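As you go down the protein sequences, you meet chains A and B in turn.
Residues 1 to 146, numbered by our numbering, are exactly what the first sequence covers, in order.
Residues 147 to 285, numbered by our numbering, are exactly what the second sequence covers, in order.
These aren't lab readings, by the way, just hints derived from the structure by calculation.
This one's a predicted model, so the numbers in the text were calculated from it and none came from an experiment.
Worth double-checking, as some hints may not be accurate.
[As the list claims (entries may be wrong)] Mimicking DSS-like on lysine-lysine, the simulated pairs with C-alpha atoms at most 25 Å apart in a straight line are:
# : chain 1 : residue 1 : chain 2 : residue 2
1 : A       : Lys9      : B       : Lys282
2 : A       : Lys84     : A       : Lys9
3 : B       : Lys282    : A       : Lys137
4 : A       : Lys9      : A       : Lys67
5 : B       : Lys192    : A       : Lys71
6 : A       : Lys137    : A       : Lys89
7 : A       : Lys84     : A       : Lys137
8 : A       : Lys71     : A       : Lys84
9 : A       : Lys89     : A       : Lys9
[As the list claims (entries may be wrong)] Chain A regions said to be covered by chain B (calculated; three or more residues, Cβ under 8 Å):
#  : stretch
10 : 38-44
11 : 77-90
By construction, the Cβ of each residue, glycine as well, lies at the ideal position given by its N, Cα and C atoms.
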Amino acid sequence: MDKKFNMSKIVSLICGIIFGIGLTISQMIDPAKVLGFLNIFGDWDPSLAFVMIGALIISSPFFHLFKNNKKPIFADSFSYSNNKELNKKLIIGSSLFGAGWGLAGLCPGPAIASLALFNTSSIIFVITMFVGFYLVKLSDLTTQAR
Amino acid sequence: MNIINFTPVSAFLGGSLIGLAVVIFFVFNGRLIGISGIASNFLNSKDNRFDNFLFLLGLILGPIIYKVFTEQEINISISNSFILLAVAGLLVGAGTRIGGGCTSGHGISGIGRFSLRSIVATITFMIVGILTVWIKNLI
């Protein structure tokens, strides 16, 4: 149990590092690259579609190989949301996210990874993003309390 | 439409590494990578807080390790309007929590499992992102 516990921590750190290197090599860490990808109606840079293709080709087969009653190696069970609901919240939330993404060219992964470069812009974005996380948590708690 | 700055090979390589991280996290820790989920749970939940912290730490170490080993500078350019960044940050933070995921959680981990919910979310934020850039460029 204890050994499993510690190994999962090492895996978390390593996965973060690999993910961060992937964002750097693909240049997704650069908001200008992201804005170029979203600029379909102007000078379009389709590169980042290949980030998604690469990530899906590698990951998708494993989800399907491992999803049935196998245990993860360093945890007692698989734990992830299997929410299938298609509702207003999904569309509204994703739209708000899309608007923020298009405004700054930053989504959560690249924003946090770019803290490595110590620029004020990333820091401001990440702080306000966490404020956003917190505000939704607060409003969730209020709705639950009612 | 003009195609510019096209770098499919490095994008594919980087994407494959992201996919590899998703696979390792899933097979070993039994969890899916969604950065907005990991980051907001680090803030809002006691469950797996240290795991989430270490993942986020790794995410920041990644570019530094890349820089040390390749001796290449990482160039990024971000809008320097702090107000715009703050508005965008709030929208991304709130939006990903209301919609239950971001580019990684819905776009990779969700679509990789063929989740219809994630496909709908990804199409939505892509379309709104494209429209936002289009409108911004008109102004």
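- Structure-inconsistent hints, enumerated in ascending order: Hints 1, 2, 3 and 9 contradicted; others consistent.
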